[in-house]
Structure formats: structure tokens, C-alpha cells
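Residue numbers (this note's numbering), protein chains in the order written: chain A, 1 to 298; chain B, 1 to 315; chain C, 1 to 130.
If you are wondering where the hints come from, they were derived from the structure by calculation, not from laboratory data.
Hints are all accurate, no fakes.
Label pairs and their computed distance ranges (CB to CB):
hint	chain 1	residue 1	chain 2	residue 2	range
1	A	S110	C	L81	38 to 44 Å
2	C	M1	B	I15	56 to 62 Å
3	C	V33	A	G210	36 to 42 Å
4	B	W6	A	G40	36 to 42 Å
5	A	S244	C	G11	21 to 27 Å
6	B	L121	C	Q36	51 to 57 Å
7	C	R122	A	S110	43 to 49 Å
8	C	I117	A	E213	22 to 28 Å
9	C	E62	A	G210	23 to 29 Å
10	A	G40	B	A197	40 to 46 Å
11	A	E213	C	E68	25 to 31 Å
12	B	R311	C	G64	54 to 60 Å
13	A	S264	C	R27	31 to 37 Å
14	A	Q205	C	Q36	45 to 51 Å
All values reported here derive from a predicted model rather than from experimental measurement.
Beta carbons are placed, not taken as given, at the ideal position from N, Cα and C, and that holds for glycine.
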Amino acid sequence: MTAPLVMRGVGKRYRRRWALRDCTLAIPERAIVGLAGANGAGKSTLLGLTVGLLAPTEGSLEVLGRDPRLEPEVLAGVGFVAREAPLYRSFTVGDTIRFARATNPGWDASVAGEFLTRLSAGDRVSALTAGERSRLALAVALGKRPRLVLLDEPFERLDPLAAREFLQLLMDGVSELEATVVIASHVIADIERVSDHIVLLGDGQVRLEGSAEELISTHRLLTGAARPLGRIAGVEEIVRKRSSGRQMTLLVRIDGRVVDPSWSVDEIGLEDLLLAYMAPERLPGPEAPEKGRLRWHG
Amino acid sequence: MAWVTWRQHRHQLLIGLALIVALALAALVTGLPMQTAYEREALSSCLPPAARSGCDIIVRHFQSEYGGRVDVAGYLILLPALVGMFIGAPLLARELEHGTHRFAWTQSLTRRRWLLSKTLLLALAVTLGAVILSAIVMWWRHPFDGLEGRMSPGGFEIQGVVVPAYALFALSLGVLAGAALRRSLAAMSLTLAVFVAVRLAVAELLRPRYRSPEHETMAGLVPGAHARDWVLSNSLVDAVGRHITSAREDLAILHAQQARIDPQEYLLSLGWRRALSFQPADRFWTFQLIEAGIFVALAAALLAVTVWFVRRSPS
Amino acid sequence: MIEFHLDPRSGVAPYLQIVQQVKEALRLGLLDVGDQLPTVREVVAELAINPNTVAKAYRELETGGLVEAQPGRGTFITGTLVAPSQKHHEALRRELERWLESAESAGLDEESIRAVISTTLREAFVRRVA
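Using the sequences and the hints, build the whole thing.
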């Protein structure tokens, strides 16, 4: 069973800036991967490399087992919706579908058709709303029956209704095709709903990677009196630390149960966990009335 | 890809078609009077080096009557450049400018096949158009080809097989410029500049040398003897073969005039001769094929470079 | 057919929410043996959630003997849930009240009691699922 996407030490440099550095990951088949990170963290670069639009400066990658630059035919199994869903604006919906059919031998009109409700073939792409354009781009990406689907900031221009509809269609399509999906977004809440696997990028490097369930279950928020820190039983590593006056809050990765009575132990939600790894200052404070309440996103 | 190429370039191709139709009509309107005059005056019997009495006047009349429009036709040499600028340059530049290459290059088709299919299909259309245009010009210019030949640049470059060759070269050049510069306007400018430069270089430096020029020395100027040939140089040389500067020539003529002798006879008495270096008219097709070959080879090479460039470049 | 809803902020894992909603429907008699559950695709298209989540929920229900997946036809209810008898309820409540008295005597306030209960609850069910 080949992992749909494998990267080994991949780096991409533009002149003097490394957009992506030392990137090593392997995403599991049929996972829905949330690729998180701030703007400029390297998400678009990572997707661009995956789809062969960019060449790595160092390292190697395999998409569906093959190098997308050396064997571009592998892209027949990869559906990609680039940022802002680029389409030919002078084309009509019908032209766009015809284009997709002409350039993808494995085209399945029935799959694509499910995304095109309420659109007519004569509509010009430039006259469509952002939501309709995204749907059309998704139709093109999924109509070729890909095994791997990549989306770069798909919710960026969508109002909440359009975003929900898009996600419904995406999940439905992915379910039917049994595809693996990578959704890049700088808004964590957007992808939290569906991701079972997370890759967090920061400044071009992988800050965090793993299944959402595992990430949540291996991190805890410790609140207690400010003090010099030594070893805490059950804590494998202190990831982030924040002090304010007499109180100290720690984000820790655990390797067992934390039973130290001088610390109040809380679970941390996925969004807050990712934010903490992205920027230490964003560490959530102690929750007042809802202490002890579970926040579980799986 | 045929439909895709048509759909993305149909405006350009239709405009090109309209242009050809317009030129055909213009050729008809301006050419028919010329052809009928040619027939009426039986100019075919006046073609050099024939010297029927009265031909001189008829020919001169014909040339002054229709020479103007023939000169204007010289502007047709710009047409291949337009192919490069408006069909070739936008092909890649527009995709890269608008980011739609992230859409086009992530389908099941490889970049190489996409580029080659598009370019070759357009090349086919362009070649067809150029051949039709060339045929029209050859029909239209026939009378003047007879009188003045078609070896000189004005006649050589707008008919025959070089026209499609120039167009293909311009197309490839435009496509490469678009790939390299990624901006339509810049690519168009670069295409025009390089096209003109290469064409000039070939016309000035290479074409005179496709075959060794013929040489002829003669006493005085014989009108019409080389009317259809491409005269590369026409100079005065002394009995030993040394070139006579125009200053010396002017001096000698002045001298003759002062002495009231016929200047031409005087120059002859000095032992001075006319030395002509020329390419004979019957080499027309040879030269056409050589030049067409050069430009088609350049077009193919540029296309290969573009494919390599596009395959390895980051987007 | 049952319609699911998802509360992302409830603190309960999505797949567990689905499991709970099926069990609730069974208890209330809204679902009976032989009824078909919506297909994974139908749930996913409605809720916009991960198909693996739905699959996991259905697998858990199947392990619990409540449903059966028939390939090519769908997932059907095969078991019932016995409503816990009132008698058990009363006994359990009295036991809980006794424990609460012990906790208060030990000095725990309401917040601390809640914390202990929720932590223990969570870990107990995690153990069961794992």
C-alpha cells in the first residue's frame, strides 16, 4: 500500500529564502489531511511541489509512488484546485468541462455532474460567483477520478453557506472515490471539522504532524503556580510556556498520566493546540467556568 | 487538444483569416488592373532582355503607373512578425500571467504534450495561411517579377516558400519569448525585436552568400541585361581591377564634360569597366529553399528549447 | 431514516456523537430492528464530515452488536437497547449521593467534584473504546 504522498527532506529555495525546508512526511491512504499554517508558512509551496509545478531544491518526493517531475503522467491520478481556483475566465462552464474531458482520458462525466447542479453549460466563468467557480474547479479536479485530491485555501473566497456546500460536495466526492485529500488553509477552524490527519507548517518547516486524535491525546495544558521548572512526572516535553504574574501555563507533550497535584491538567482543543505551535504567545489561558470540560475533535 | 487549441486561439485565428481575406480582396482590386494592363500592352514580349521597339516607353509607363502599389506591398514582410507577436507570444505568456497554467498543467496531459500539440496545430494553421498569402502575392506580383525580377529583397521576401518559413520562425520565437518573459506585452516586444534582427542578419549577411555570386565586367551599362538578377554590387574598376571611388568617377566625368567628350566613352578610354557582382534570377528557388530551410530549422530548434525550458522551470 | 447532527463544540468526538445518536434513537423507539441507517455517503454529504468518521461509528455499532453491514445493500439495525430499569436507576443514584457526601467531607468543592467526575468518566470510556 503506497502512501499517496511521501516527502523526504524536501526543500525549496527562491533566491535566498527557503520557502520550505527539511520537509519529511508521509500521509496515510484515504486520510483527510489538514495542512495548516500561517500565510507564507509554505503550504502553497508544498502543494506546488506535490503537483509538479515546482521542482524541489533538495530532497525527494513521491506522489502515488512516482516523482511528479520525472513521470508527469501520475498527475492523471491527482486532482488539484490551486489557490483562487484558476479557470479560463473567457470559457463557459461547458467549455471548461470539455477542456477537462479533452485533457483527462479517465474523465467521468457523472462524477463531475454532481458538482454542477444549478449551473448551466452556457454560463461564462467570469460571471460565476466565487462559490460556483470553486465548485466548477472541484468538478474538474474530481471528474478525473483522482486518488489524491489537493486543495489550496478552498474556503478563502467563500461565504459560510458556499463553504459548507463546498465541503459537503467535497466529502461526498471523496467518499465515493475513496480518495486521499489534503486541504491547505490558514484558518484552522475550516479544516478542523473534517481532518483526521494534521500537518502544521511554520516558516517553511514541519512543526507538527500526526493524526488529529493522537495529537490531542498526547498533549495537555498544565496550569499552576509560577515556579522554576524541573521534571514533571508524565511530561515528555514542555512545548510552550507562558507566565503571567504568579501563574504559569504550560503546553506539554505527555508520555503517561500527569498526576502532580500542583498542576491543573486540561485537554487542549485542536485549534488551540495548533495555534500554540504556531505562535507561543497564543497559548490559551486557564478556562474559567468550563474547567474540566472536554474538547475533543477527531 | 485540437478543440482546446481552437477554443483558446479562435479569435486570433479568425482575425488572421479575416486579414487574409482582406488582403486577397485588396490584391484582387489592385492586381486585376495590373494584370489586364500587362496583357493589353503585351508586356510579356517586352521583358528584358528583349528589346522590341517602343518597349522602353511602355515598360517605363507601366512601372510608374503600378510601381507605387508594388512598393507598398513591401510592407507585407511585417506579417510574419505579427504571427509571432499575436499568436506565439501570448500562448505561454498569457497562461503564466493569469496563473491558469496551474490549471492547464495539472491535468492528465504532460506539459510537453500540451505545448507541442498546441504549437504544432497553430503551426499548421499559420503555414496554411502563409502559403495562401504567398500564392496570392505570387499571382499579384507576376508582372513586376517579370520586369524587375524577384531576387531582390522586396520581391524575394514576400512570396515563395520563405513566407511560411518566416511565419513558423516567428511563431516559435514568440512562444519561447512568452515562456522566458512570462508577460504578454514584454514577450511581444522581444519577439518583434529579435525577429527583425534575425531577418535582417540573414538577408544582409547570409543570403548574398548562399551561392557564390556571379561576376561580370562590361563596358558601360547595358540596360536590362541584369534587370531580373539581384545585383549585389555595381562598381567601376580600372583596367587592373581596382575599385574606382565615386569621387574619382565624378572627377573624371567632370573632366570629360569640360572637354566636351561623352563621359561614358571617356571612362572606357581610360580602361575603366563596370564590374557587377550578382545572383542570377534563375537561382530564385534554390535560394528560397535554402532560406526557408534555415528558418524552419531555427523554428524547430526554438521549439525544442521552449519544451526543455517549460519542463524544467518552476512555475 | 434517522438524520444525524454534529456539534463540533460539544467536546464529544464526532464518531461518538453518531454512535450516541443511534443509541438514543433506539432507546426512544425511533429506530427498530430492520431499519436501514443512512449510507456513509449520505451522512457525509449532509454533514460535511470525514467519511472515515462515519465508517468508524458504524464499525463501533457493529462491534456492539447493534447493526450489521450488508455489503452492497447498506447498514441495518439488528439489535435493541434495553432501557435501564427504573430499579437500577434508583440504586445507582443513591450510591452516587453517598459518594458525593464523602467527597464534600473530604473538602472538595463543586468545581473539584466536577473535575474528578469528568476526568474519571472520560478515562473510563476511553479505556473501553481502546
